[in-house]
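There are 2 protein chains.
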Amino acid sequence: MKATVLYGPGDVRYESVDDPKIIRPTDAIIKLSATCICGSDLWPYRGLQPKDGPAHMGHEYCGVVIEVGSAVRTIRPGQFVVGSFCLSDNTCPHCKFGFQSSCEQREFMSGAQAPYARVALADGTLVATREMPGRDLIPHLLATSDVLGTGWYAADAANVKQGSVVAVVGDGAVGLMGVLAAKEMGAERIIAMSRHKTRQNLAREFGATDIVVERGLEGIARVKELTRGVGADSVLECVGTQEAMSQALECTRPGGTIGYVGVPHGVTFDGQALFFGQRRMLGGPAPVRRFLPDLMDRVLNGRIQPGKVFDLTLPIDQVAEGYKAMDQRRAIKTMLTV
Amino acid sequence: MKATVLYGPGDVRYESVDDPKIIRPTDAIIKLSATCICGSDLWPYRGLQPKDGPAHMGHEYCGVVIEVGSAVRTIRPGQFVVGSFCLSDNTCPHCKFGFQSSCEQREFMSGAQAPYARVALADGTLVATREMPGRDLIPHLLATSDVLGTGWYAADAANVKQGSVVAVVGDGAVGLMGVLAAKEMGAERIIAMSRHKTRQNLAREFGATDIVVERGLEGIARVKELTRGVGADSVLECVGTQEAMSQALECTRPGGTIGYVGVPHGVTFDGQALFFGQRRMLGGPAPVRRFLPDLMDRVLNGRIQPGKVFDLTLPIDQVAEGYKAMDQRRAIKTMLTV
Chain A
461 MKATVLYGPG DVRYESVDDP KIIRPTDAII KLSATCICGS DLWPYRGLQP KDGPAHMGHE
521 YCGVVIEVGS AVRTIRPGQF VVGSFCLSDN TCPHCKFGFQ SSCEQREFMS GAQAPYARVA
581 LADGTLVATR EMPGRDLIPH LLATSDVLGT GWYAADAANV KQGSVVAVVG DGAVGLMGVL
641 AAKEMGAERI IAMSRHKTRQ NLAREFGATD IVVERGLEGI ARVKELTRGV GADSVLECVG
701 TQEAMSQALE CTRPGGTIGY VGVPHGVTFD GQALFFGQRR MLGGPAPVRR FLPDLMDRVL
761 NGRIQPGKVF DLTLPIDQVA EGYKAMDQRR AIKTMLTV
Chain B
461 MKATVLYGPG DVRYESVDDP KIIRPTDAII KLSATCICGS DLWPYRGLQP KDGPAHMGHE
521 YCGVVIEVGS AVRTIRPGQF VVGSFCLSDN TCPHCKFGFQ SSCEQREFMS GAQAPYARVA
581 LADGTLVATR EMPGRDLIPH LLATSDVLGT GWYAADAANV KQGSVVAVVG DGAVGLMGVL
641 AAKEMGAERI IAMSRHKTRQ NLAREFGATD IVVERGLEGI ARVKELTRGV GADSVLECVG
701 TQEAMSQALE CTRPGGTIGY VGVPHGVTFD GQALFFGQRR MLGGPAPVRR FLPDLMDRVL
761 NGRIQPGKVF DLTLPIDQVA EGYKAMDQRR AIKTMLTV
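If you read the sequences in order, they're chains A and B. Sequential numbering from 461 applies to the first sequence in this note's numbering. Sequential numbering from 461 applies to the second sequence in this note's numbering.
In isolation and in its complexed conformation, chain A is listed as follows (with noise of 0.2 angstroms):
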């Protein structure tokens, strides 16, 4: 088959791989039914976080289950299913936790940007639908996968509650996905921080009640003012920048928190900075596995669309043209038919 390859900074091909296939008796491999691009694969796009070598890329996919390993127990062929971008044995005591990402087994996903996936720990890590969903239902199927849920993992991180007031740092589809979700566990205020008006509509459509456009001292000044001069209760941070960090900090009443899922490029943090600020943090790779039967429930009950962060869907063979869209910020999150 022909599948997604990153050579090095801008270099990304579509090209002939082996066909993935059983190497332990926990895998299962699937035939994707659509997959997308993630802004974390543009940090090694770009350049700033460096590969050893060419790299598989794609860590995003719903599909159909061709093939199963011997020990795979719950996941049959035929199956559609849902998985993770953290594979996780699902019975670990981290996994019990609702700490998958963290799972004594752990894996990271990859070569999902194909149209076929070997899926390791495939009991643990996937999700099957009772019937199999119609075609308008896969791209919110998919955002399931990753996108929403790591941003609800941001919303849940930072103890977003009913009433709370909330604030996003990060206009990306991880952030929308974080109003979105804020929305959902009944936050009464919304601030979304973005310069650029589609996505200023977007986060509207998934719930924000105020906008911020400024950034910096001048963003943190706005928000302050706001919310009263007090501060957020909850606010995610969605980037993984000093800037960003240092912006949703300080947008953080004292005794709120922060949850961060912008995985960290050159954040630091002071000691005693931190300590005086007094706010609450979590973050991590996401544990979509603890929300995914909710999140794929919402889906299907046509509760929540978020598919619709999903502005350019392209034939996965332009996937080149998937990166250089969000790369340029032409495109907020590219979706890539199979």
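Hints are computed from structural coordinates only; laboratory data are not their basis. Not one of these hints is a red herring.
Copies of the same chain are indistinguishable here, so a pair counts whether it falls within one copy or spans any two.
Below are the DSS-like pairs computed for lysine-lysine, each with C-alpha atoms no more than 30 angstroms apart in a straight line: (1) K684 to K556; (2) K556 to K643; (3) K643 to K768; (4) K768 to K784.
Take the given structure of chain A and dock chain B to it, following the hints.
Relative to the frame of chain A, chain B by itself:
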């Protein structure tokens, strides 16, 4: 009157100073029943936290109100009161959220190692008892002012609950109070990290179920071993050094929480390491005022005896010896009688 003044590293004097007086209409003057030396007083005493000129020391206090300013409404002369080391109005939004240590009007108490002291924001800061407590209760009530309140906050911030597995890093007075707090909050297992026999004994008396004498990597390995490789649900960091913080982070399970109350000195965090470690963190100066009524009730009811943490009592004119004994770790915590 005479009071305690720190002139420089190791140079504590008990010498004549002006009597405290009402400066603002919200002030009160109290006659101290007892006072004490805090572990945090040792930072400047050891020269690890430079001071500009001589400093009036002491921020833990309880005693009888002898005068109040014209704007004080609820506190009256003759009342026995305890206050936090953080002075707060208890009415601003941060106070309402229970983070009085980030009060919009926050000041830090000073000058309490003396027979009389001025307390700013008296109505917000001070909690009065209904009756004059007996002499035997004074050490326990004094402890609620900071050392117990801070240990309590460490456990609260670390999310200790019924059935939690807890580890406490630091066997100073605050760490020992953290053990007591975790016990009161229903922790099932409390691992105290201590190499000192007298502190181990006190930790056990306060509720520790396990003692870990190892430090650094060996200490972490031992905590992991005691928690079946998982790590603790809640870790109380009660020191403030990089070593202690790293130990706390590594002893916590993913998704678990670190409550850090040791004022960080030279502590930094790498964003990516924190992210992938996936630990929840909350620290800061303890909002003791939030807990004070409850803690005082527990003392007055005889349920807890936090004053046992004072293993040296000196008349206040021997305050210099009190500092020396703590600096040399001959004493856990020194109470000063006035």
